[in-house]
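Asker: These are the residues of each chain, in order.
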Amino acid sequence: MPDGGTRAAPYAGTAPVPYVDGALYGDIERFYARQVQLLGEGDLDRWAATFTEDAVFAQEAQAGRVWTGNAPSERRGRAAIVAAARGAVAARREAAAVRRYLIGMLRVEPAAGGSLRTTYRAVLLQTPKGGVPEVYLSTTGRDVLVRQDGAWRVRHRVNSHDNAPAAGPGATTATSATRTTPTTRTTRTTPTFRKDDDDG
Amino acid sequence: MTQAAPAPATQAVPGTQAVPATAAPVDAQTYAEIVQFYSHHMQLLDNAEAEEWADGFTEDGVFAQNVKPEPTRGRDTIAASMRRGVDRLKNRNVVRRHWLSMVVADQVDPGTVRTRYYAVVFETPVGGKASVYLSTTGADTLVREDGRWRIKYREINHDGA
Chain A
1 MPDGGTRAAP
11 YAGTAPVPYV
21 DGALYGDIER
31 FYARQVQLLG
41 EGDLDRWAAT
51 FTEDAVFAQE
61 AQAGRVWTGN
71 APSERRGRAA
81 IVAAARGAVA
91 ARREAAAVRR
101 YLIGMLRVEP
111 AAGGSLRTTY
121 RAVLLQTPKG
131 GVPEVYLSTT
141 GRDVLVRQDG
151 AWRVRHRVNS
161 HDNAPAAGPG
171 ATTATSATRT
181 TPTTRTTRTT
191 PTFRKDDDDG
Chain B
1001 MTQAAPAPAT
1011 QAVPGTQAVP
1021 ATAAPVDAQT
1031 YAEIVQFYSH
1041 HMQLLDNAEA
1051 EEWADGFTED
1061 GVFAQNVKPE
1071 PTRGRDTIAA
1081 SMRRGVDRLK
1091 NRNVVRRHWL
1101 SMVVADQVDP
1111 GTVRTRYYAV
1121 VFETPVGGKA
1131 SVYLSTTGAD
1141 TLVREDGRWR
1151 IKYREINHDG
1161 A
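Heads up: the sequence lines are chains A and B, in that order. When the letters of the first sequence are read in order and numbered with the working numbering, they come out as residues 1 to 200. When the letters of the second sequence are read in order and numbered with the working numbering, they come out as residues 1001 to 1161.
Calculated from the structure, these hints are not laboratory results. Here the structure is a predicted model, which means the values were calculated and not measured. Think of the CB as a built atom: it goes at the ideal place given N, C-alpha and C, for glycine as much as any other residue. Careful: at least some of the hints might be erroneous.
What the hints assert, rightly or not - Covered, in the sense of this in silico footprint (three residues per stretch, anywhere, with C-beta under 8 Å from a C-beta of chain B), are these stretches of chain A:
id	region
1	86–92
2	100–112
3	122–136
Only chain B is shown next, with the shape it has when bound in the complex (with noise of 0.2 Å):
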């Protein structure tokens, strides 16, 4: 039974609202924007750039992860928590890569996109062998900032928690 999309309330966060019924795949250029952006923001990631990476938000970004009991709450916020991540990861010698593939993307307006992908994690020590580490999938509202993409709420769930 199809159900008639109520409209969105205004002040819902980000990211919680269904996609709008009449939301359509986005075009090919913006499509493949947007897996450059990913591309992008998880090499930063990996290679333990957490500032760089926290660009990839907006300014009032949130990052949702259902192993965490609150959202991260702004951009600073955001990149000084991934610091913190990524110092410890360093200090233990190991190697992350977060590979995000199956991307899905709706337009739900001209400058806003919603997104669902998976991501996997492989994991290397140093001097040791490479396994995969994490599954997860992922749901991002993306919107056009100055020209680029960034995300306005992201919500990561890792499979199996």
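Looking at chain A on its own, in the form it has when it is part of the complex (with noise of 0.2 Å):
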């Protein structure tokens, strides 16, 4: 690459932060208020054009005791997204129960054909009806944003439990400089999740 030498590792061992322009991170950062309000809100139909038509949703979650059900662990295209969706706000409107999603420490990079890689922490907060709010939930994600139509949409994510044991603290949200494809996860959870975790 011309010029190469300013962009050198100043500390050996590791690589250079690149910082994406102020303007496009705060384009992000609204795609990511925008869309977890409408997941709160349970206007589904304008979270589903969130999401490319072929885009694909990724869950690490535990197996077992706590996340029991009947989920699959990845969902392939737009409908299939939106109906599992359907369900965990239909379960959630029975059970009077309020979910408020929380995205920050959001990091932005390019990625190949001007798509974008993101990752973040986000943290659910439930309030039962008359009742205390609560963390249920902390997740990392790992997104794929493309630009279609004048907007940015999710073309891949994969979304990590903390409790998962794979999410554990070695576990990595920065590894971009050897993933060069969206790529998911191999599977490593029986494919068992509750309903109402669907969105998570």
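Could you use the hints to bring the two separately framed chains together as a complex?
Answerer: This is how it looks when you write it as structure tokens:
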């Protein structure tokens, strides 16, 4: 690369950290703010449009006692993603519980063909009707976003629950140096998740 | 009553000086860079990448906390200390997530920014339920070095300590 010297790693063994342009970063922050609010409000028709038609949404969640259920760990296509979310939203309405999705520690990196790779933490706060809010779940998200018809959309999402063994401290979110294509980690767990956790 | 800010002593520990009265908020681009720096920095910590996390400090960086008797001085010492910390957590099968927000950032000079922020830590045991583990405030002196931001001085104050 021409004039590549200025990007040399300043500290042995680590790569320089690129920052994306502030305006782009702001765009992506707003994208997530809107996306989580649409889900929180249960506005799934508009939430659906924040995914590409061929989007993939994978979960890495704990099998067994806590998350038992019957949903697949990976959903392919907007229709399948939205169908799962519809079930989850309906179950929450029945339980009269409200969930708020908070996204933080957002990292945005340029990727192939004008796409973006993002990594972030997401926390779910849940409040039962008349009750006290609780931290329901803490997760890590890894998305590939593409620009389509003038809007950013999720083409690929992996959401890892912190209480699943693979989400342990050694699991990395920032592996961009080696990831060049969206990949889904091999599912290590039996694909059994409780229905109302599908949208985690 | 407004006090005239005295010229800071040149030998004072960075970060212990008040931000000069003339310090203005950073511009939007710098602010976005700093937010991105923090996001990456916190992800590295919570991914147990202690050495990469410590690279977010200058070589002579200082890390002070109100729950520790002495600040940790120097990047290598900071890295070694955090390595022990993250290994302890790993052995306990606990995941922590540091969330940093409410960032105020003032430009001290073209290569120096003073920040103040809140940091909340969520903790999840493997197979268990998430909870709020800790709430703190933080104050950093950041310097621009080789095209990226690094922490020259960090002070973390745990709420309730």
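Asker: A separate judgement is required for each hint: does it hold in the structure or not?
Answerer: Checked hints:
Taking a C-beta to C-beta cut-off of 8 Å, the region 86–92 of chain A contributes 0 residues in contact with chain B, too few for the three needed, and the coverage statement is violated. Residue count for the region 100–112 of chain A with a Cβ under 8 Å from a Cβ of chain B: 5. That meets the three needed, and the coverage hint holds. With 3 residues having a Cβ less than 8 Å from any Cβ of chain B, the region 122–136 of chain A passes the three-residue criterion, so the hint holds.
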